Amino acid sequence: MRRTRTFAVTAWVALAAAVGTALAGAVIAATGIIGLTGWGDYDHRVSLLPGTDLVELRYQPSWEVRAAAEVCPRIDLDHPDRSCENVILRGADGPRQEKPYLLPEEDLRAVAAELEGRLLLDAEPGWNPLVASLYAMTVLGLLVVAFLLAQLGLLLRAASRDAPFTDQVVRRLRVMGVTLIGWELLEPILWLFLSPKAWDYGFVRAGDQGMGLELGSMEPGGPQLTLVAVGALLLLLGQVFRRGVHLEDEQRLTV
Amino acid sequence: MAIDIRLDHVLLDRRMTLTELADRVGITVANLSILKTGKARAVRLATLDAICRELDCQPGDLLVHVADDAPGRTSR
Chain A
1 MRRTRTFAVT
11 AWVALAAAVG
21 TALAGAVIAA
31 TGIIGLTGWG
41 DYDHRVSLLP
51 GTDLVELRYQ
61 PSWEVRAAAE
71 VCPRIDLDHP
81 DRSCENVILR
91 GADGPRQEKP
101 YLLPEEDLRA
111 VAAELEGRLL
121 LDAEPGWNPL
131 VASLYAMTVL
141 GLLVVAFLLA
151 QLGLLLRAAS
161 RDAPFTDQVV
171 RRLRVMGVTL
181 IGWELLEPIL
191 WLFLSPKAWD
201 YGFVRAGDQG
211 MGLELGSMEP
221 GGPQLTLVAV
231 GALLLLLGQV
241 FRRGVHLEDE
251 QRLTV
Chain B
1001 MAIDIRLDHV
1011 LLDRRMTLTE
1021 LADRVGITVA
1031 NLSILKTGKA
1041 RAVRLATLDA
1051 ICRELDCQPG
1061 DLLVHVADDA
1071 PGRTSR
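From first to last, the protein sequence lines stand for chains A and B.
As numbered in the working numbering, the first sequence has no gaps in its residue numbers, which increase by one up to the final residue, 255.
As numbered in the working numbering, the second sequence has no gaps in its residue numbers, which increase by one up to the final residue, 1076.
Simulated from the structure, these hints should not be mistaken for laboratory data.
In this text, all values refer to a predicted model and were calculated from it rather than measured experimentally.
Keep in mind that the hints are not guaranteed to be accurate.
[Unchecked claim] Here are a few chain A residues that face chain B, going by a calculated C-beta distance under 10 Å: (1) Q168; (2) D249; (3) E250; (4) R252; (5) L253; (6) V255.
In this text, a Cβ means the ideal position worked out from N, Cα and C, and glycines have one as well.
Next up, chain A with everything else stripped away, as it sits in the complex (with noise of 0.2 Å):
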């Protein structure tokens, strides 16, 4: 009975986050629209109740990035070094001085720094197809879980109805095993097309101020395999269903 109850909410849980997926990825095709067409700015923060900040909506499109630097061997107090990062990893007695350097311990030193973020854009309101294909890129993925998790609702309120073994449990771990694997392996082929470096923008910079910022790979990256592991996993529990719905149907019919 409990176990029962706990699937019952659990499947609510899942099914209203599958809602509230679906309705930002509504809210942010719509904005990417009203920018896209002209009818209005791109707006990056929407209230989901006006008047108020409870629920807020923030999307703005971005592409990775990222900055990496070499970590000077020694910091020279009285002329530090421009083409590396002055900084030391200090021991529990503090930095080694010999004047004029501050110098690391000797068992263990920083070397380089690698930072990795997010590049995020704004453009004036009528067509471009970068910002396009990152809209249209969010959206889907936002739809893409919002299905994973209607599917999980579904799935859990059929177990809280029935015995879990059923053909229904079965069926949804399948399409949610087959939709992860897919949408992981559709990803990247999608991005080969819609990626900043299909539509040819790159990444000029000037000086050598600044944190040395780069755009992350300008193409896309393969599939995340943790996912595909996830979805084949997925797959696999279904088959574990499978037997445990025909042992099910053993034991139910035998009298």
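With chain A held as given, fit chain B onto it using these hints.
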């Protein structure tokens, strides 16, 4: 399956209803119905024992092997 269930014949002979038998052997009517209609995949010896005790019959009176290609027999 080549096993025919003759429970309905025995019940008719004993002038007993399925519900009455279900009450006596402590099995639900739904489960006995599965057995009677031949949908059951397996029968527990305990069930067979209880039914035979209440109907005063032998297991062979309830279960009859019929060849699959016997005339008039359709496979399920």
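Against the structure, the hints:
For Q168 of chain A, the shortest C-beta to C-beta distance to chain B is roughly 21 Å, which exceeds 10 Å, and the interface hint is violated. Taken as an interface hint, D249 of chain A checks out: its beta carbon lies about 8 Å from the nearest beta carbon of chain B, inside 10 Å. A hinted interface residue such as E250 of chain A counts as satisfied when its beta carbon comes closer than 10 Å to some beta carbon of chain B; here the least separation is about 6 Å, so the hint holds. Proximity of R252 of chain A to chain B holds as hinted, the smallest CB-CB distance being about 8 Å (cut-off 10 Å).
Among the interface hints, the one on L253 of chain A holds; its C-beta lies about 4 Å from the nearest C-beta in chain B, closer than the 10 Å criterion. For V255 of chain A, the shortest C-beta to C-beta distance to chain B is roughly 4 Å, which falls under 10 Å, so the interface hint holds.
Violated hints amount to a single one, hint 1; each of the other numbered hints is respected by the structure.
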